[in-house]
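Q: Start from the sequences and build out the full structure, keeping to the hints where you can.
The listed protein sequences correspond, in order, to chains P and C. So for the first sequence, the numbering used here puts the first residue at 1; every next one is plus one. So for the second sequence, the numbering used here puts the first residue at 1; every next one is plus one.
Everything labelled a hint here was simulated from the structure, so no lab data went into it. Among the hints, erroneous ones may be present.
Derived lysine-lysine pairs resembling BS3-like cross-links, with alpha carbons at most 30 angstroms apart [claimed, not checked]:
#1 C:Lys4 to P:Lys578
#2 P:Lys315 to P:Lys342
#3 P:Lys454 to P:Lys464
#4 P:Lys260 to P:Lys335
#5 C:Lys8 to P:Lys705
#6 P:Lys308 to P:Lys217
#7 C:Lys37 to P:Lys513
#8 C:Lys37 to P:Lys619
#9 P:Lys342 to P:Lys308
#10 P:Lys440 to C:Lys4
#11 P:Lys342 to P:Lys217
#12 P:Lys705 to C:Lys37
#13 P:Lys277 to P:Lys294
#14 P:Lys335 to P:Lys299
#15 P:Lys315 to P:Lys464
#16 C:Lys37 to P:Lys668
#17 P:Lys299 to P:Lys454
#18 P:Lys308 to P:Lys440
#19 P:Lys464 to P:Lys342
#20 P:Lys440 to P:Lys454
#21 P:Lys294 to P:Lys440
#22 P:Lys277 to C:Lys8
#23 P:Lys686 to C:Lys8
#24 P:Lys668 to P:Lys686
#25 C:Lys8 to P:Lys668
#26 P:Lys705 to P:Lys686
#27 C:Lys37 to P:Lys686
#28 P:Lys346 to P:Lys440
Here are a few chain P residues that face chain C, going by a calculated C-beta distance under 8 angstroms [claimed, not checked]:
#29 Tyr540
#30 Arg716
#31 Val718
Beta-carbon label-pair distances, calculated as ranges [unchecked claim]:
#32 C:Lys8 to P:Glu558: 31 to 41 angstroms
#33 P:Pro588 to C:Gly26: 45 to 55 angstroms
#34 C:Gly7 to P:Ala740: 39 to 49 angstroms
#35 C:His65 to P:Val660: 19 to 29 angstroms
#36 P:Val660 to C:Lys8: 15 to 25 angstroms
#37 C:Gly22 to P:Asp683: 49 to 59 angstroms
#38 P:Thr579 to C:Gly22: 28 to 38 angstroms
Don't be surprised by glycine CBs; every beta carbon is placed ideally from N, CA and C.
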Amino acid sequence: MLRVCLRGVKATAQKSSGRIRLTNVHQCREYTTGESSGASRVVTAGLLTVTGGIGGTIIYSKWDHKFRAAVERNVPYSEWLLGLALGPASQDAGLPTRKQMEFIQPPSMMEKQMKTSKAKSEKKLKETTEHGVQDSDPASSQPAQNIQEASAEATQIISAISEVQSVPAPCDTEPTAAAETATVLQDTESAATAEPLRERPAEEVAARLAQQNQDEKDVIASLSARLDDSLASSAKATLQAIGAQEAALQAITHHTHKLKEAMEAEGPSEEKSTQWKDLEAALASRTTSVNDAKTALVKANEVLDSLKSVIDKSKGLKISAARPLILAAEENLHKMVVDLDKVVSKVQSAESEAKIVAQYSELVQEARQQFQREVSSLTPEIQANWKGLTGKLSTDDLNALIAHAHRRIDQLNRELAEQRVREQIRMEAALEQQRAEDQKALDKAIGTASQHVKEEARLEQERKLVELREVIEAEMRTQLRRQAAAHTDHVRDVLKVQEQELRAEAEQVLSSKLLEQETRYRQLTQEQLDDFTLDMNAAYARLKGVEEAIDSHVEAEEAARKAHQLWLSVEALTYALKTASAESPSMPLEDAAEAMRASCVDNDFALALASALPEESLKRGVYSEASLRARFNSLRSLARRVALIDESHNTLYQYFLSYVQAALLFEKQQEVPPTQLHSEDLDTFKLLSYASYCLEHGDLELAAKLVNQLRGEARRVVEDWLTEARLTLETRQVISLLSAYANAVGLGTTQAP
Amino acid sequence: MSEKEIGKKLDRCLADGVVKLGTGLGLGIVFSVLFFKRRTWPITLFSGAGLGMAYANCQHDLRSHYLLHTSEQQKQ
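A: Given below as structure tokens:
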């Protein structure tokens, strides 16, 4: 860093100094450095840029490690430079961003999982807390733990599927000991210890769930047992109470009835006494029964209270499965209470009636006693029971009785009037009292009714709640089932996809490996095949070569043989040529030619040549050169003699002249023919001498050529000779060609021994 | 043998000449004896005629090769 700055400073100093120098220089020498100042300026600017770039890179790479890594990767020797400037690069460059990314992803998933697991654990914990007191602690803690673990498993599975780093889920907690009393939220929030998640196998999960279910069932069973017990006991007690109350009622009614009877019945005193005894018995029984009823009621109330408490406790446990039981128990309780109350009210009404009747009876008793007293005061000897007194009484008694009765009636009328007068007041008072009592009773009744109604409403509400809860429970269950189904579907799909992917991958790998192996195998086989083919080809080629060599050998031998034959035949032909004597031509070359042709049936050249042999030579043979020479010598004189004769000069006189010319003209016997014939050489005599010369020197061809130049009669004279010479020449040429060819072939095919 | 031809021709000429001369001579003699009172001029005449005819024949014979006949001309 420092060095960079120093460098920059130096550069700026240089530049400034350069500028100063430039100006100095410029001042000193004005005629120079227009370009050099520009160059130095460019150089300094470049230096500055470079140093600035390097410094900036170093500074930025100190701040951003990724940039540093990129620079170190791409620019060679930058590592060294950056190491010098900044020190070695720290190793945490690559990881944090990735970790951040990964940490970003899981919380969203974990939230969802937390919510679902929360709901789950909420439900489960409710169930666990609805348990009885006994096994609530371990059971709730265990189911809670199971639940938590199950939720943890769920989160694990979900996390494993979504390929998120297995960050410990925040809701995977250990339950506290106070699970039952604490609320669900508190539970999930209080337990914040993170357990390391590990994937539990499905069987364990199922086992745990089964265990949970089992626990629940046990709890419910115990609860229901308890409820049943308490219900039964309360039912018994209530029935008992009701029975007692009924009995009391019965007793009361009986008693009142008896009382009424006793009052109204004016029978003999024994009956009355029996009635009164019965009444007393009835009263006694009524009191006992009432007491019994009271005690039974008290007991029933106790039991009902206990049932209520049990119900409350069960409600406190909050297990939804037991709710209907609880509700049923509550309903039963309510019914029992209602019944009890009804019966109690009945009893009370009966009691009040009895009281009225008793009052009435008392009043009647009082009145009767009064009357009795009056009657007895009036007529002391008359018995109380005046109904059976007909016949026993005298008229005075009767009149006294009637007068008493009248007096009594008057009194009663007066009392009645008085009563009528006070009736109103008393009526009002009584009404007031009655109203008050009615009010009280009404209030009480209202109270009880309202209580009942409240209770019923509450029960209804509870029922509805229970129903709703059930419905919700069912719905939740279906939703959960759906979710589970969806989850399984999703899992199945993902697994399928994964399986497909893996399969495809594996197949690809397998196929690639197979392909590799196959190609290698094919290559090897191909190589082998190629080698084998090569060897085979080589061997075949060699065989072919050998065969060809042999064939060519055979052919060559054949050719050699043929060549030899040809040569021999050509030799025979040549020899046949030589058979020409001085005067007669050679033997006809037919046979020899035939032989030669036979010896070269497949040789076109030789055949062509053989066919080129003139017919005459074949039929008649050819003359030898010597004979031709001799003949020419004789011809020469003749040609000389007719030298002047041609188309235009052919009279006899010309003949004579040419004869004279021939006699007088002397030329060289033999003259060397020039290489080129000029027009003056076309003279007969000269030509003849040239031809003689050629003939003497064996050059028949040139002689023939020269002789061919003769014109006129001389030409006619030498025509035959020329033909013969031509024939001979042709034959000789052909034969020489054939011989040469045969020689060549023979040479070609002849092998050195 | 084309070279022998001229010899043959000449032979023929000679023979023909001799014959014609002889015949002419003879005829001349005859005629001269017979008709022309043994003058010599028919003998020379006839012999000359004979010789001439022989000469002409010889010439014609020697020239015959070079002469184109009308039939050949017509053919040509």
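Q: Provide an ascending list of the numbers of those earlier hints which the structure does not satisfy.
A: Going through the list in order, the structure violates hints 4, 7, 8, 10, 11, 12, 16, 22, 27, 29, 32, 37, 38 and respects the others.
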